[in-house]
Amino acid sequence: MPLLEIKDLDVGFDTPEGEVHAVNNLNFSIEAGDTLALVGESGSGKTQSVMGILGLLAENGHVTGQALFKGKDMLQMSTAELNQHRGNEIAMIFQDPMTSLNPYLPIDRQMIEVIVHHKGMKKAEAVAQAVEILRAVHIPDPERIIRQFPHELSGGMRQKVMVAMGLLGEPELLIADEPTAALDVTVQVQVTRLMSALREKSNTAIILISHDLGIVAGLCDRVLVMYAGEAVECGSVNQIYYDPKHPYTQGLLKSVPRLDQPEDGGLETIAGNPPNLLALPGGCKFRDRCPSAFDACSEKPPMQLDEDRHAFRCFLGAEE
Amino acid sequence: MNDRVMRVQDLAVHFKLREGGLMRSKTHTVKAVDGVSFDLDAGETLGIVGESGCGKSTLARALLALVKPCRGRVLWLGEDLNKLDDEALRKKRLDMQIVFQDPLAALNPRMTVRDIIAEPLWTFFPKIARVQVDERVRGVMKMVGLLPNQINRFPHEFSAGQCQRIGIARALVLNPKLVVCDEPVSALDVSIQAQIVNLLKDLQKKLNLSLVFIAHDLSVVKHISDRVMVMYLGRAMELSHRDSLYRQPLHPYTSALIKAVPVPDPKLARAAGETGLTGDMPSPLNPPSGCVFHSRCPFSIKRCQIEVPALRRMESGDWVACHRAEELDLTIGKSG
Chain A
1 MPLLEIKDLD VGFDTPEGEV HAVNNLNFSI EAGDTLALVG ESGSGKTQSV
51 MGILGLLAEN GHVTGQALFK GKDMLQMSTA ELNQHRGNEI AMIFQDPMTS
101 LNPYLPIDRQ MIEVIVHHKG MKKAEAVAQA VEILRAVHIP DPERIIRQFP
151 HELSGGMRQK VMVAMGLLGE PELLIADEPT AALDVTVQVQ VTRLMSALRE
201 KSNTAIILIS HDLGIVAGLC DRVLVMYAGE AVECGSVNQI YYDPKHPYTQ
251 GLLKSVPRLD QPEDGGLETI AGNPPNLLAL PGGCKFRDRC PSAFDACSEK
301 PPMQLDEDRH AFRCFLGAEE
Chain B
1 MNDRVMRVQD LAVHFKLREG GLMRSKTHTV KAVDGVSFDL DAGETLGIVG
51 ESGCGKSTLA RALLALVKPC RGRVLWLGED LNKLDDEALR KKRLDMQIVF
101 QDPLAALNPR MTVRDIIAEP LWTFFPKIAR VQVDERVRGV MKMVGLLPNQ
151 INRFPHEFSA GQCQRIGIAR ALVLNPKLVV CDEPVSALDV SIQAQIVNLL
201 KDLQKKLNLS LVFIAHDLSV VKHISDRVMV MYLGRAMELS HRDSLYRQPL
251 HPYTSALIKA VPVPDPKLAR AAGETGLTGD MPSPLNPPSG CVFHSRCPFS
301 IKRCQIEVPA LRRMESGDWV ACHRAEELDL TIGKSG
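In order, the protein sequence lines correspond to chains A and B.
Numbered as in the numbering used here, the first sequence ends at 320 without a single skipped number.
Numbered as in the numbering used here, the second sequence ends at 336 without a single skipped number.
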């Protein structure tokens, strides 16, 4: 049984302009110790799909489908039931370290909350454990840092504190939403190393939400590419990077500027802009920007699956 | 060379900060930019990279005389910008424009695209005829890849990439000689980022613009720059031609930055070695003595803690501020 299995997940928002379809018919699963990346541009539904699963949607949001965590559907759970899993077996690292830490509380109070609450640990013991984990994420002088307030730390330090908090409860599933986006490259490396160390140590499954294809390449086993709220391609990291089937994935990979390639001539681009989620086109959502679109694309392409578990939503590419 | 447009000499911008209460207040000095020098030719792109807090945005502002330097000079076509009176400086601004990081925040939401792009025209030529303005605005809109029939729309009707095109159109409407781009693509998605980088490259060639392109992303800078300056804690660590900088960096910090860039290739990414960098950037309030990078440098020796290395010219014509530049071989792709 997979650790987490998502079936037919739909997330929508009611807005004065009409319903926004943020996530449409999403399916994926993740086993213990696996790392899965959700990749796509802003507005592709990466974040809202996990917010939907964890019951953290904004008030005008609604979610349907199934999210089976160890076989139990999280979408049917009461808040009290959800709270037994959230923060305990499932931890989340939020995107923005500036706004996700409470500015009124020192770091130690925020960090130990989870283990005191879920594991019934004594305060002193919990603080000692928190200091250890801060040391593990390479925060210098953790005994002093842990008594400070978020505003006294740099952006990189705050993000490391967020990661440390995620790791503290030794969760079975860690969801990291752009954990490195706000960080400088040299700190990015340190944070990704930490996450792979955790996975090796505690067999934690990781869902990494990222738009950075470089980070994903280094950290993840499998990749799910999203476009306009839909999964367009899913496969192993090698399949996605070396043999992408969907024209969107191909375009995305080509438009990343790279250091290890000659820079003469321009960058490859994907023409046009992402579609408006209020008025999604019928058929293939990528049709208007796709260099190889043809008549059949006005119908919605089904998800095709080849023999190596490489799935893609495109009429092309099945038979060459 | 005689087509030099800008010359920056020993430029320094320091900010005073006050800390503590009324009675026990202390003043600190943040040396946001401290002794930066470079030249810029017509039609050249200078990339400026560095981590957050290295002073790159302050430098951009100082180049346009938007902040007063406490030392040094910015010469624009031979004239010191900070010696000019307000009116003379205003006239010089015809030639120099800026493109900002966050395209939505940089556009007034209550103005139409026409008014946003035309504002510099009205400012400098208040008596210009409306027909002429419209013609010029439609012209630059076409140039940056916007449809001229969208002239009456508002910023919220455009995507982020299109808003950045509006920002670029506004910068180009006066036919400037220099455009300073402060992180122009870092708020954009990759597919859109590539469009904007290509657009800037094309426009530069077409209009013979000088560009100062500020970014934290080394791979974007590589695609657009002729020369690249690497900054750390307000100082220039290296100023090299693009090809030599990325192949054979002279400064240990440059080499660490290059090695830290994640490669979008699973096999290469997993084979990548250590960057050699430890720790965070020190607080700019209290920078290390000697070479500001010595506290994180794997090659630091005693001399680095005492003596500030000057930015000096190597045989190759590239510039570096490192005592040990001659002995170190930092060629990328070599182990160690």
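Read the hints as simulated data drawn from the structure, not as lab findings.
Backbone N, C-alpha and C fix where the C-beta goes; we use that ideal spot for every residue, glycine too.
Accuracy of the hints is not assured; some may be wrong.
As the list claims (entries may be wrong) - Some but not every residue of chain B turned toward chain A, in silico, with C-beta under 10 Å: (1) Pro126; (2) Ala129; (3) Val131; (4) Ser191; (5) Gln193; (6) Asn198; (7) Tyr246; (8) Leu257; (9) Glu327; (10) Leu328; (11) Thr331.
Here's how the hints hold up against the structure:
1. Given the 10 Å rule on beta carbons, the hint for Pro126 (chain B) is violated: about 36 Å separates it from the nearest Cβ of chain A.
2. With 10 Å as the threshold, the beta carbon of Ala129 (chain B) stays out of range of chain A, its nearest partner Cβ sitting at about 34 Å, so the hint is violated.
3. With its C-beta approaching chain A no nearer than about 31 Å, Val131 (chain B) sits outside the 10 Å limit, and its interface hint is violated.
4. At its closest, the beta carbon of Ser191 (chain B) sits 4 Å from a beta carbon of chain A; the interface hint therefore holds under the 10 Å criterion.
5. With 10 Å as the threshold, the beta carbon of Gln193 (chain B) comes within range of chain A, its nearest partner Cβ sitting at about 7 Å, so the hint holds.
6. This hint holds: Asn198 (chain B) has a C-beta 4 Å from the nearest C-beta of chain A, less than the 10 Å allowed.
7. Restraint check, Tyr246 (chain B) versus chain A: the minimum CB separation of about 6 Å is within 10 Å; hint holds.
8. A distance limit of 10 Å between C-beta atoms decides the matter here; for Leu257 (chain B) the minimum to chain A is near 6 Å, and the interface restraint holds.
9. A least Cβ separation of about 23 Å between Glu327 (chain B) and chain A goes past the 10 Å threshold, and the interface hint is therefore violated.
10. Because the smallest distance between the Cβ of Leu328 (chain B) and any Cβ of chain A comes to about 18 Å, over 10 Å, the interface hint for this residue is violated.
11. At a threshold of 10 Å, the smallest CB-CB gap from Thr331 (chain B) to chain A is about 14 Å, leaving the interface hint violated.
The structure fails hints 1, 2, 3, 9, 10 and 11 (numbered hints given earlier, in ascending order).
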